[in-house]
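Trainee: Sequence:
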Amino acid sequence: MRIFRKPTLSLSFFFFVFFLLYESSMAADTIRRDEFLRDGLNHKPLVSPRKTFELGFFSPGSSTRRYLGIWYGNIEDKAVVWVANRENPILDTSGVLRISNDGNLVLLNGQNITVWSSNIESSSNNNNRIGAIRDTGNFELIEVSSERAIWESFDHPTDTFLPQMRVRVNPQTGDNLAFVSWRSETDPSPGNYTLGIDPSGAPEIVLWGRNKTRKWRSGQWNSAIFTGIPNMSLLTNYLYGFKLSSPPDETGSVYFTYVPSDPSVLLRFKVLHNGTEEELRWNETLKRWTKFQSEPDTECDKYNRCGKFGICDMKGSNGICSCVKGYEPVSVGDWSRGCRRRTPLKCERNTSAGEDEFLTLKSVKLPDFETPEHSLVDPEDCKDRCLRNCSCAAFTVVNGIGCMIWNQDLVDLQQFEAGGSSLHVRLADSEIGESKKSKIVVIVAVLVGVILLGLFVLLLWRFKRKKDVSGAYCGKNTDTSVVVVDMTKTKETTTAFTGSAWYLYTHGRSEELVDPKIRVTCNKREALRCIHVAMLCVQDSAAERPNMAAVLLMLESDTSTLAVPRQPTFTSNRRNSIDVNFALDSSQQYIVSSNEITSTVVLGR
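Take the sequence shown: its position 562, counting from 1, is numbered 562 in full-length UniProt numbering, and each next residue is one higher.
These are calculated hints, taken from the structure and not from any lab test. On a predicted model such as this, the values are computed, not experimentally measured, just so you know. Idealized CB from N, CA, C, for every residue including glycine. Incorrect hints may appear among the rest.
[What the hints assert, rightly or not] Quick list of in silico lysine-lysine cross-link-like pairs, DSS-like style, CA-CA up to 27 Å: (1) 383 to 325; (2) 325 to 302; (3) 517 to 325; (4) 346 to 315; (5) 524 to 325; (6) 291 to 325; (7) 383 to 346; (8) 302 to 362; (9) 362 to 315; (10) 291 to 243; (11) 325 to 315.
[Stated by the list, open to error] Label-pair distances were calculated between CB atoms; the ranges are: (12) 249 to 43: 37 to 47 Å; (13) 145 to 43: 23 to 33 Å; (14) 374 to 328: 27 to 37 Å; (15) 328 to 247: 54 to 64 Å; (16) 211 to 125: 37 to 47 Å.
Full structure from sequences and hints, please.
Mentor: Here it is as structure tokens:
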């Protein structure tokens with residue numbers, strides 16, 4: 001018996017020690033009804049299954065106050081993403097997290113006083129609940145019998161938005177899930193800035209300051225991107241990452257989520273105590289967090305930088321303010337007061353003369369406080385809806401949103417270099433008429449200038465050619481033999497033309513052809529279009545030159561595609577050139593001259 005019992009006791013003791021060592025080496029990811037998570041010297045946080053996140057007690061910076069929070073677990077910079085007791089810190093290391101008798105997660109201090117609770121209703125299954133930290137960074141209170149999360153930290157965020165987090169917004173009740181900044185870098189208590197989805201109008205991200213004053217907004221969501229972030233469509237990380245649930249749930253709420261294109265990348269969106277929103281990504285090479293984007297990034301990104309009916313353009317370091325055409329500053333030098341309409345609308349004048357018209361602004365950030373008209377998808381229907389309402393100041397139709405109308409002042413307008421949307425601003429007919437007249441004047445002035453320049457170069461070339469033919473002989477003055485033209489002069493003349501208008505055109509300097517008196521004030525795009533048309537009009541072959549009807553169409557339409565002009569050589573080309581768009585009879589094919597030498601054949605009478 002002794003021989004049998006002795007190895008049995010030894011084997012049992014071995015397995016007991018092994019089990020204790022195994023348990024101590026394995027970090028738990030759950031807390032049960034009869035378990036505690038204690039602060040102090042032997043504090044061991046809960047660790048998610050893949051060790052991505054940890055939940056435990058911490059002190060921010062040099063502070064001695066203790067908080068229950070969630071942070072990244074498998075990297076050097078353990079950034080905190082959630083804080084439970086941000087308004088009620090524990091002053092020592094006596095904190096304890098447990099599941100209370102009523103089934104709630106509770107945080108107790110050394111005096112056994114509750115400083116934080118999940119605060120959900122109790123049920124008959126209070127003893128059948130566990131708390132678990134997930135690899136998404138979500139801390140859940142789970143009802144084991146139904147495997148359902150009855151509370152989760154993702155529904156109660158602090159200052160950080162994580163991938164797969166659902167951001168709730170209810171347009172019917174105005175309720176939304178908001179992220180609130182820390183008060184400072186070492187104080188997690190609620191700060192002055194809030195980030196969330198605006199429940200009014202088309203969904204958009206808004207950064208609010210004190211007293212809910214707007215500091216920045218993303219622009220309207222069009223089912224793919226936020227229209228006020230012009231480079232968003234160029235970044236594949238964003239293009240398919242953000243999603244909006246549809247249709248709304250039983251409470252009328254919809255949810256924004258973000259799933260990165262590469263799930264292995266650690267990233268977070270955070271609202272900072274200084275009033276900015278940042279996207280931060282973990283750089284494994286540098287072993288630190290790097291800033292991927294930040295808003296507001298420029299002066300023009302700041303909310304309503306130029307006031308009502310003012311538009312901000314980042315041409316300078318501080319942004320340049322100007323009024324929308326048809327408006328003038330309320331107070332010169334004080335853009336906070338914005339602009340006012342110069343000419344009243346037809347409905348304001350109580351007259352039947354002159355219908356209001358619309359001026360199109362391209363590549364702009366659409367104004368705030370729109371009225372969606374989702375049932376209207378035809379631009380003409382949207383335009384008619386705007387014209388029937390005297391308070392309508394502008395309209396647009398955007399893919400993914402539909403018709404939007406602005407029945408109040410246009411605020412937070414911004415001009416982009418590229419991207420953005422088109423906005424149709426309502427103006428009195430006289431304002432549009434003046435715009436058309438000035439446009440015609442610019443077109444005619446530029447076109448006439450280019451044609452005169454071309455004629456001058458042509459006359460100069462012909463004059464020099466005649467001079468060379470009459471004065472360049474080989475042999476004596478009395479020699480009446482064949483005349484040989486000095487080709488050096490001819491080539492110099494051709495080069496002179498190429499070195500002026502054509503050179504400027506092909507080197508992207510066409511604007512230098514515009515009269516200096518109107519170069520600054522004219523519409524650059526229209527001027528360049530006129531020069532392009534002029535170059536088409538001075539091509540060698542008549543078959544390649546547009547007729548006047550085509551010229552008018554090209555000048556009046558912004559959508560017509562212009563052909564690429566050919567370099568003028570002032571020498572005749574072969575009539576059956578492969579570039580001509582029609583064929584000639586073989587009997588009509590002949591060569592008048594070549595590009596290198598002109599010859600004269602002497603024939604007898």
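Trainee: Taking each numbered hint in turn, which are not upheld by the structure, reported in ascending numerical order?
Mentor: Failing hints, ascending: 4, 6 and 15.
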